[in-house]
Amino acid sequence: MPTVPWDESKTANPGRIEQVWFAGVHSNVGDGYPRQGMSLVTLDWIMTKAEEPPHNLRFVLAERLMYRSHADVDDKMYDSRRGFGVFYLWKPRNIQRLCDMNGITPNVHRSVFERIARSTEGYAPGSILADPVVVSISQTATVTDDIRSIVRKHHGGGGPLLEREAIAQGIGRWSYRLFVYSVVVTVLATLKEIVASQFAGDATLWEIVAGVVGTLASWKSVTFVFQTLCQYPWLIFWFLFALGSGLAVDQRLDRSYSHFWHADYIRLELRKRMGLG
3 MPTVPWDESK TANPGRIEQV WFAGVHSNVG DGYPRQGMSL VTLDWIMTKA EEPPHNLRFV
63 LAERLMYRSH ADVDDKMYDS RRGFGVFYLW KPRNIQRLCD MNGITPNVHR SVFERIARST
123 EGYAPGSILA DPVVVSISQT ATVTDDIRSI VRKHHGGGGP LLEREAIAQG IGRWSYRLFV
183 YSVVVTVLAT LKEIVASQFA GDATLWEIVA GVVGTLASWK SVTFVFQTLC QYPWLIFWFL
243 FALGSGLAVD QRLDRSYSHF WHADYIRLEL RKRMGLG
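For our numbering, count along the sequence shown from 1 and bump the result up by 2.
Check each hint, because a few of them may be wrong.
[Stated by the list, open to error] Here are the in silico distance ranges between beta carbons for each label pair: (1) L63 <-> V187: 55 to 61 Å; (2) R120 <-> V187: 23 to 29 Å; (3) D133 <-> Y183: 37 to 43 Å; (4) R120 <-> G158: 20 to 26 Å; (5) R70 <-> L249: 37 to 43 Å; (6) C232 <-> H264: 24 to 30 Å; (7) T142 <-> L249: 29 to 35 Å; (8) V211 <-> H264: 53 to 59 Å; (9) R120 <-> L59: 45 to 51 Å.
These aren't lab readings, by the way, just hints derived from the structure by calculation. Model, not experiment: these values are computed from the prediction. All C-beta atoms, glycine included, are put in the ideal place defined by N, C-alpha and C.
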């Protein structure tokens with residue numbers, strides 16, 4: 003599903019729908035992971051909006067207070083690209099460009115900058131906009147405007163960090179493609195060897211299929227993978243090159259983003275303005 007910025011000003015009722023940026027990956031924001039502190043920040047904001055006129059929704063007080071007290075933007079941020087998530091398309095989205103194309107200035111929740119100010123788990127987003135509208139329920143417009151001013155000043159009139167690392171991103175995309183291509187070639191070559199191993203004598207089609215499935219479901223499949231890699235050693239080179247260049251790109255981006263957001267003076271300014279001590 004492509005990223006689509008929502009322009010509330012073009013709707014019949016501009017106040018009916020709001021789109022706000024929160025810290026975290028998809029399920030950190032929308033819930034689904036065992037530790038839910040970050041998603042409760044989002045839920046608290048939604049519930050507060052529902053309590054305001056003209057909706058005037060009312061919740062069970064004890065549950066309402068429980069959700070608010072457990073909301074924690076400094077809770078664990080999960081990595082959705084772990085495990086099989088590594089096959090998910092590696093293509094960081096340039097939100098700034100999407101917003102500029104649609105004439106939108108997106109809203110970013112203050113908790114994003116709270117996590118940055120505390121350097122929680124090294125949080126340093128690269129795609130956050132250079133001049134976002136900062137929204138908050140607990141703090142005044144004066145404070146959120148000051149946060150926006152600090153962020154805009156720190157960007158120095160330039161775009162988001164994502165745009166400053168175009169070369170590294172290009173290398174990252176090509177290493178991702180090479181990795182996926184290597185996996186596909188290895189799987190197909192391994193399947194070919196497994197199927198060939200089942201053709202013995204007068205074996206029926208069903209026996210061949212059952213043998214292939216049984217091999218794939220056992221540790222024998224690992225042996226066939228190693229045999230394939232030994233037969234085609236250039237695949238090993240492809241894997242090593244793709245993984246090595248991908249790791250180098252990740253480290254490059256992490257260093258760049260961390261250097262920008264974790265500079266002491268911006269963190270101190272944010273902490274001071276948000277009253278974080």
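Okay, the hints, checked on the actual structure:
Our hint of 55 to 61 Å for L63 and V187 holds, since their Cβ atoms are close to 60 Å apart. For R120 and V187, the hinted distance range of 23 to 29 Å is not satisfied, since their beta carbons lie about 45 Å from each other. At about 39 Å, the beta-carbon gap between D133 and Y183 stays in the expected band of 37 to 43 Å. Judged by the Cβ atoms, the range 20 to 26 Å given for R120 and G158 holds: they are separated by roughly 23 Å.
Separated by about 40 Å at the C-beta atoms, R70 and L249 satisfy the suggested range of 37 to 43 Å. A beta carbon spacing of about 45 Å between C232 and H264 contradicts the range 24 to 30 Å that was offered as a hint. Between T142 and L249 the beta carbon distance is about 44 Å. The supplied range of 29 to 35 Å is therefore violated. The hint said 53 to 59 Å for the Cβ distance between V211 and H264, and at roughly 56 Å that hint holds.
Taking the beta carbon of each, R120 and L59 are about 32 Å apart, not inside 45 to 51 Å as hinted.
Of the numbered hints stated above, those contradicted by the structure are hints 2, 6, 7, 9, listed in ascending order.
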